[in-house]
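**Student:** Note that the protein sequences, when read in sequence, are chains A and B.
The first sequence finishes on residue 593 if you use this note's numbering, and the numbering steps up by one all the way, no holes.
The second sequence finishes on residue 80 if you use this note's numbering, and the numbering steps up by one all the way, no holes.
Be a bit skeptical, because a hint or two may be false.
Said to hold, decoys possible - Below, computed lysine-lysine pairings styled on BS3-like, alpha-carbon distance capped at 30 Å:
id	chain 1	residue 1	chain 2	residue 2
1	A	Lys498	B	Lys56
2	A	Lys47	B	Lys66
3	A	Lys199	B	Lys66
4	A	Lys17	B	Lys66
5	A	Lys18	B	Lys12
6	A	Lys448	A	Lys62
7	B	Lys12	A	Lys2
8	B	Lys56	A	Lys114
9	B	Lys56	A	Lys2
10	A	Lys199	A	Lys238
11	A	Lys133	A	Lys284
12	A	Lys27	B	Lys12
13	A	Lys423	A	Lys403
14	A	Lys448	A	Lys133
15	B	Lys12	A	Lys577
16	A	Lys448	B	Lys56
17	A	Lys18	B	Lys56
18	A	Lys121	A	Lys110
19	A	Lys47	B	Lys12
20	A	Lys22	B	Lys12
21	A	Lys210	B	Lys56
22	B	Lys12	A	Lys210
23	A	Lys479	A	Lys537
24	A	Lys33	A	Lys18
25	B	Lys66	A	Lys210
26	A	Lys426	B	Lys66
27	B	Lys66	A	Lys62
Worth flagging that the hints you see were computed from the coordinates, not collected in a lab.
In this text, all values refer to a predicted model and were calculated from it rather than measured experimentally.
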Amino acid sequence: MKELEYPFNVEEIMKHKKQIRKELLLKENLIEKNIAILGGSTTSEIKNMLEIFLLNYGIKPKFYESEYNQYYEDAMFGNEELDSFNPDIIYIHTTNRNIMNYPTLYDDEKTVKKLLDTEYKKFEKMWNNLFGKFNATIIQNNFEYPYYRLLGNKDASDIHGKVNFITRLNQKFYDYANEHKNFFINDINYVSSCYGLDKWANQFYWHMYKYAMEVPAIPYLSFNIANIIKSIYGKNKKAFVLDLDNTLWGGIVGDDGVENLDIGPEVPNGQVYSEFQNYLKDHKSLGVILNVNSKNEYENAIAGLNHPSGTLRPDDFIIIKANWNPKNINIKDISEELNLGADSFVFVDDNPAERKIVQTYVEGIATPEIDVPENYIQIIDRNRYFEVTNFSEEDLKKNELYKDNAKRSQMMATFDNYDDYLKSLKMKAEITSFKPIYLERISQLSNKSNQFNLTTKRYSLADIEEVNEDDSYIKLYGKLEDIFGDNGVISVVIGKIKEEDELHIDLWIMSCRVLKRNMEFAMMDKLVEKAKERGIKTIYGYYYPTFKNKMVKDFYQTQGFEEISCDDDGNKIYQFKIDENYKNKNNVIEVNE
Amino acid sequence: MSREEVFERLNKVFQDIFDDDSIVVNEETTSADIEDWDSLEHINLVVAIEQEFNMKFNMNEVTTMKNVGEMVSIILSRIN
């Protein structure tokens, strides 16, 4: 919903939140999550706003909200309501109002250190306690700066200053975050400084209602929390689709000629575009895919991208569409070629009319309302399309992977027989039980896969860790490499053993970048092998249709399963009786454990 | 701006905040008259009114206001 993207109109959102909520609740395929808000100040409006932003991301939250300032009691001693609520996410909303003891000017460094430790330990105990009790992800505010400085500028550097104390306390929080994968910092220190600390800390709201920030700042706070949560559940965007003229450089390459484009250090406008190109290029290391969608002659587009002062090169893009097609048509093509839903694209174009067309015809795509070039970065960045939570090795290599895929398509064109082509790829797979180093990637894959996904069940890292430790599951991951490169972990199957000899498949997913490589058959072969070892006689498969997973609606039939039931919504159950003489289905991939 | 005009614009804010087109506020209206008007919604109402009339209430005003009539008087004193 456009209203809920940055820059937003706070007034409108706050005034119409009830209507907005009603409208968003009509969305289909919302995933439900339990979110516990443990507050050190009033949280009511934070919760309301968070709900709206999450619904907008396709997440339907159910909330537990602690009584006023009961965050510590709830976390340490629990209560029945919270225990039975069993949260997926625990958000701890504390602010500098919850710091109990600051140093006084009489304290020596040893005493200050002790104070610091006491404040920190209280939180650490709380987090450890929550982790011990719940299989949940914790989101913890850091501390915002105080709204006055007794020592003035010295408050920052002197051990007696509040600014100094808060900075040191924050650092301790970050150390904990770096050591715990299911723990994320909600950086209110940054958000409050973007918003303006004087306004943020409007004391009227504290003394009147015990809100630790002014109420009109709350949408910014809640948006920030929602971005962390949507990233955890795999709802980040995945690719940029970029216009060229007046978006990546100043001027029109076809009219003005390459030599007259504004890019590079000579003029202010050129500097702005250089910074913007650098900003986009940096996204490659996050695994964000860059593409071009421009109304241009192809040669001109390439010439512009080869401008000596530019930092982006034709090579940095996976797909370059430079033609005179309507932009929404190009986006459809890019989506098909990349095998990525267009709703995971961010379309950047300086022309509002183009944005409008794309917005109208491509459902779910983001079209940030960029205005003048010097604001491009800020507007895109504040929308947090690519919020980083679980960053995996895969992300660093993502662009290469897509490049390799493009090469494979070229090679395919030279073979008459598809099997010959597959054999020529010399594929090698590693299929075996979960290993700790891949758990993060496995969770990520479960959250990102929409098309080749039989049940669309999502697993947070904590969920995957639980499965990994539970012996009643057969859990396999598959890695695939070929002559063009390593695809990494691209398939996961999780089955639960019940009644001794039944295996029920909770999750079967595969990344679309290895479609039609017979990897699904190699996974099946291994699954049968592992099932046999555990004395399983029957495997049960489940297919729950969504509007994205039609691709696998006949998957279990293809694997030799029999349909045993189908309800009105098309949810199907299949069974597969394991034959003693089961013959492997895959003969093109070499499989190792 | 006249008192009537303030009432008219204020009424729209009330309808938006409580998501109820049937609300009509008058001089005597208090939180007891509107079902959803609790202390939490009160904050949102105050913020929305401040934004509508581009003015700010101070703490003392918010704590002593008795009904919508008094609220309108404060708004009028601030914007005229």
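**Student:** May I ask which of the numbered hints given earlier this structure violates, with the numbers listed in increasing order?
**Tutor:** Of the numbered hints, 1, 8, 10, 11, 15, 16, 26, 27 do not hold.
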